[in-house]
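Please work from the sequences and hints to get the whole structure.
Single-letter residue listing:
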Amino acid sequence: MDEKEIKKSILSSSNDEKIIYKSRIKKFQKNHKFYIILLIFIAVLQFISIAFFTRGFLLSRHVLDNISTQNETSNPTPRFSKAVILVVDALRFDFAIPVNESNANHNLNYHNNILSMYDSFANDKDASSLLLKFIADPPTTTLQRLKGLTTGSLPTFIDAGSNFDGTVIEEDNLLKQLHLANRTVKFAGDDTWMALFHPFLSNDSFPLESLNVWDLDTVDNGVMDYFHDHLQQDKEWDVMIGHMLGIDHVGHKYGPDHFTMKEKQIQVDQFIDWILKSIDDDTLLVILGDHGMDHTGNHGGDSIDELESTLFLYSKTPNLWKLKNASNYNISDLGNDYRSVRQIDLVSSLSLLLGQPIPFNNLGWPIDEIARNDRESSQFVNLAINQLQLYKDTMQIHHANDEILEPLAKNISNTPLTGNSGKFVELGHEYQRIFLQTCEELWAKFDYYSIFTGIILLAISLVLLISITKLIPSIVVNQMVPEFVPGIIIMVLVANLCFHGIFYVYQQPTFVDQFWGTLLATAIGIIIGCYITIFDRYNFIWIAMRLGETLADYWSRIAVMFMIIHALLFTSNSFTIWEDRIVSFLLSTFGMLTLYEFVFLPKRQSTTALLTATISEKEGTTSGVNSSTANSNYLPLTRFARLLGGYHSVVLIAFTRLASTITICREEQGEYCIPTFNNQNNSAWWVLGLCFLMIFILPACITGYYNLTSSYQAAAPIWINVFLKGILGLNFVYWSLTSLENNNNATIAIPFLKNVSIFKFTLARIIAGFSLIASNVGWLMGPLCIKLNVHNTDVKSHEATILGYTNIYGSEFFLLVINVLMSILLFNKPLAQLSYFLMCNQLLSILEIIDLLKLKENIIGPIALGLLSYQHFFTTGHQATIPSVQWDIGFMLSEKITFPFTHVAIILNTFGPHILVSLSVALLTLWSQPPDVLKPQTLLGRIVSNCGILLIYNTILCLSSFIWVTHFRRHLMVWKIFCPRFIFAALSLIVTQMVVTFGTIAFASGRLIKHINDIFWK
Amino acid sequence: MSTKKRARKTVKKTVSFSDDTTLTTHQNRLKKNVDHDRPPVYVRKTPLMTLPYHLIILLYYYIFMSSDYNTVKLLGLLIPAQIGYLVLQFNKCTVYGNKIIKINLSLVLICLGVTFLLSFPAMLLTVLFGAPLMDLLWETWLLSLHFVFLAYPAVYSVFNCDFKVGLWKKYFIFIVVGGWISCVVIPLDWDRDWQNWPIPIVVGGYLGALVGYTISAYI
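Chains as they are written, first to last, in our numbering: chain A, 1 to 1018; chain B, 1 to 219.
It cannot be assumed that every hint is accurate.
Stated by the list, open to error - Below, a sample of chain A positions facing chain B; criterion: calculated Cβ distance under 10 Å: (1) D393; (2) T394; (3) I577; (4) R581; (5) A654; (6) S660.
Said to hold, decoys possible - Here are some chain A residues pointing at chain B (derived, C-beta under 8 Å): (7) R537; (8) S572; (9) S574; (10) F575; (11) S584; (12) F585; (13) S588; (14) F600; (15) I653; (16) F732; (17) S736.
To be verified - What follows is a list of derived Cβ distance ranges for each label pair: (18) A:E895 with B:F120: 39 to 47 Å; (19) A:S327 with B:L75: 46 to 54 Å; (20) A:V722 with B:D162: 49 to 57 Å; (21) A:P602 with B:W141: 26 to 34 Å; (22) A:M973 with B:I101: 56 to 64 Å; (23) B:D135 with A:E895: 52 to 60 Å; (24) A:W274 with B:L137: 28 to 36 Å; (25) A:I266 with B:L137: 38 to 46 Å; (26) A:G726 with B:N196: 48 to 56 Å; (27) B:L137 with A:Y596: 19 to 27 Å; (28) B:W141 with A:V722: 24 to 32 Å; (29) A:L323 with B:D135: 44 to 52 Å; (30) A:R970 with B:L137: 29 to 37 Å; (31) A:V722 with B:N196: 25 to 33 Å.
Everything labelled a hint here was simulated from the structure, so no lab data went into it.
In this text the structure is predicted, and so the values were computed from the model without any measurement.
By construction, the Cβ of each residue, glycine as well, lies at the ideal position given by its N, Cα and C atoms.
Pasting the structure below:
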């Protein structure tokens, strides 16, 4: 007899068993399909509710296409025939004024480099230059700022999301007016302008790719070359616009405090200096920043640093501006008290200076200084007031403020234009201020029907999830799924029919149109379909009692407490700000509680969860497994198990604390938080050194966990020691090259590599291709981590051990997690990679703890994993704010925005921890699960139940953020804190839903369970 | 002593100080049905005797009278007060078997040293829960000193019954839970002086200890 025959005799089974097996696996496959469909329906229900809420909360502004027309009589004579507008992206105000070196905030890298504007202003004898602080309206993203700068109108929050696909601005704007007046506008620089204004720009324009933040020079050099070529020689333009991106890109790539910033600023300074000299006498020069940047170099929010930028007006003609008292232009303390104007004021000012009508939608006010005398001043005010009133009347804006506005308007029309112009200007300005305030209030209006529909649908979906995945025993759900699916499909059709019928006969409710009506009907159909099936078997009282029963044991209560605390964080802005610390605190608490459990071992063995677990496990014992293994749950923990468990708890606690030291601070955290996740640390030698060590330590750690069940066999060494180690090595090369670039000048000389960026792209694509595609295909082949150990030479005894038998499911499933981990690591910066290393250990320790404490069926498992995912969202350099999205990662695989690559990179970067956890939640069931104890359907039912808990956790967070963001809709901080958090909650629910439904349950679990049962039952 | 000892006749000297409480209760049950759930060492249910009056006074002093929440001074007051509480109140309520053991002065002193040493593990624990890693170490240490000295009577009792009885865990747990809950106020943006590290946690620990020493006998 050879080894083969021994194998055969061990693994073979009788004919009867084969028949049983076949019917079982058939049943499993059928059920598996139904489960997937059911979960997809629930996912659809949740997506619809999120869509409704988002639609109601992030309402967009209604825009009229009216255009201001030239009015011959009242239009001012143009003061300038030509204008040069230079937009320097992210030109913060303190970059452009001298900062005293003794000032505490003085910085060598970004202060005192761009002084040509201030010098011209300060040494100005004949009032020909004017430097002002320029306040942007949030969101401070370039696209929204360009809209504001050209239309003079306010942005809405939802525009921020569309920063990356600008479409032509239809509403009236400065460039449209210039175009209508047959003026030629030439443009060079950021191609966002082309997207927004291409019908109004000259064909001779020179747009350049703008969103690749790694590229610091192309756009700037393009703009400078264009200006050098066209400014003096070319006579065929009336307005020339340039948009430079260098400073902004340095900010995104390195942060402001970097020597590249100094180089870039000096370059810009020289360029400005050259323009100042080169323009002719009747040209107006406007230099402005569209927004600032925060201390990390990013922007998008509404902190002072992001809002403040610079406006500079200049011409060679003397006596252009009527400057105010010198105390208005006080540059001490980084220009804190410097006179500021709003960005929307630029449109009316430029229109008046160039002799154009003020655009129809404008809400701004001409800058005081541009009027040289009282006559001009009152003329400007008159024009501005007329435009505002026309806009108000056309838009039919009515508001409580009308009581103040109407008397004001009367007052203005009664005030004579000549004579006392000071009073006239004052009244006009007052009118504009109140009107602007009115508009701001009106446009922050919400669609309450949609909001409440969203909240109610999400709440119902939560109840559904709870009852299906937890309250109804998974065995019963197994029998029920075939009833759910047809029920839901029919009810969706019926509901759609009814809704559309009713809408057709009666009037459609105002808040839904055809499309949204269909969505609403579908959602209601899904709900009814589910509940018909549930109430066919159960009633309310039974479900409520079952809920009480489920929450009766100690660990479930702890889990519910964690969940409630996390959900209640959104009740206050301070808690939401400190969510990162609080989540770490809760996870540490979980670690401490398990440690206590292992050390003191209180008598909690007879919990309900344990009871159900053992009962169903007994049922599952169908074949030759010895009863002691199957019933091991009855036995108390051994001394060794307690020691092991204590060790894992300590690892969990220590690594949780360690990981929480990596943070990118929110601006609101202020002095209490020191950011460690910055570009300096990310390219520091010690971080890279740790990354290098990680190449060896991470595989070693995972091997350690595998060895606990002697699962480090067959496929495991290949995956862990070859694939993972190799990818980590390549990854290290990629990120050390990046940090070399950061530390030295952008062009580094590596002798055998001519073009580093091409090499980096190739490397990144190889890693991504391997980890996203090749390794997953490899996983589909079914890599088993077991080995047949024939340890006696006596062939007749037929004895052999299968190494890794007890953890056959878990070890194979975790290889898939490793695949995903490899791809996520690539798209994360070095410090975040260290955080993932810690996360991997924490994850495996939690799995071991849950297994040792016999809590596989308890809700604490998924909740602890959920907490882990949120902790690592924060420790990988993210916060629930828009500026903290790491856009630069999007350009690792391609230079331009290319559909799948950029998006995949950003999703893997931002939601990496969520994706990992959504996958590994199946491991709670599968880790340390020997193959022939549970039936395939039982196993699937438990996986679905655990996945369901994770979904419930995310749904509760999402629901809570919905409710509280609605409650705080008039709160000062709503757009800064609550709204980004609600968007994050909705997105993480969507990501978790997708990964759980399609990744964990549809793809991985089905494949794995079938594969292993094929081997051990055939 | 104001409350007279009620006669407890039947608990014999056969009680073993074993970890396994089921064993002892089982023996007790054999002998006597009424007190079958009473452990060999227990704290008498006398609310007036075990109530730590000094903690209320100290808290009042700390919150309302000390001008700038002087945590060091509070510690200086806490240690003698806790010793007094142990000697005058706590020890007199603790019943070993069926008698009350007189205070062991040398053990009181040893326990002072032990408690002091325990502040370092407590500090580690605090840091693991999220106290600042590098800075504010002095404050963190002060906090852990407060915590361990709040637990001082329990530490003494643990020593006094040779680490055998799990009765004292709840005293430690109450203090920790008090501190755990009081973390709630730290993130709030009220900009009050008392939100500074470690003032809220100290107060929380005191409240936890107050509740713990008062009601633990009943749990």
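Hints versus structure:
1. D393: Status violated, d = 43 Å.
2. T394: violated, 43 Å
3. I577: holds, 7 Å
4. R581: holds, 6 Å
5. A654: holds, 7 Å
6. S660: holds, 7 Å
7. R537: violated, 41 Å
8. S572: holds, 7 Å
9. S574: Since the shortest Cβ distance to chain B is 4 Å, the answer is holds.
10. F575: holds, 6 Å
11. S584: This hint holds: S584 of chain A lies near chain B, its Cβ roughly 6 Å from the closest one there, short of 8 Å.
12. F585: Hint holds; F585 of chain A Cβ to chain B Cβ min 5 Å, cut 8 Å.
13. S588: holds, 5 Å
14. F600: Interface hint status for F600 of chain A: holds (7 Å vs cutoff 8 Å).
15. I653: holds, 5 Å
16. F732: At 27 Å from the nearest chain B Cβ, F732 of chain A fails the 8 Å test, so the hint is violated.
17. S736: Check failed: Cβ of S736 of chain A comes no nearer than 27 Å to chain B, outside 8 Å.
18. A:E895 with B:F120: 39 to 47 Å: For F120 of chain B against E895 of chain A, whose Cβ atoms are near 55 Å apart, the range 39 to 47 Å is violated.
19. A:S327 with B:L75: 46 to 54 Å: Holds, at about 53 Å.
20. A:V722 with B:D162: 49 to 57 Å: Distance hint for V722 of chain A, D162 of chain B holds at roughly 55 Å.
21. A:P602 with B:W141: 26 to 34 Å: holds, 30 Å
22. A:M973 with B:I101: 56 to 64 Å: holds, 59 Å
23. B:D135 with A:E895: 52 to 60 Å: Once the Cβ atoms are compared, 43 Å apart, the range 52 to 60 Å for E895 of chain A and D135 of chain B is violated.
24. A:W274 with B:L137: 28 to 36 Å: Cβ of W274 of chain A to Cβ of L137 of chain B: about 55 Å, so the range 28 to 36 Å is violated.
25. A:I266 with B:L137: 38 to 46 Å: holds, 43 Å
26. A:G726 with B:N196: 48 to 56 Å: holds, 50 Å
27. B:L137 with A:Y596: 19 to 27 Å: The hint (19 to 27 Å, Cβ to Cβ) holds, given that L137 of chain B and Y596 of chain A are roughly 26 Å apart.
28. B:W141 with A:V722: 24 to 32 Å: Given a distance of about 48 Å, which is not inside 24 to 32 Å, the answer is violated.
29. A:L323 with B:D135: 44 to 52 Å: Since L323 of chain A and D135 of chain B have Cβ atoms about 48 Å apart, the given range 44 to 52 Å holds.
30. A:R970 with B:L137: 29 to 37 Å: Because 43 Å falls outside the window, the suggested range is violated.
31. A:V722 with B:N196: 25 to 33 Å: Hint violated: Cβ distance 53 Å, outside 25 to 33 Å.
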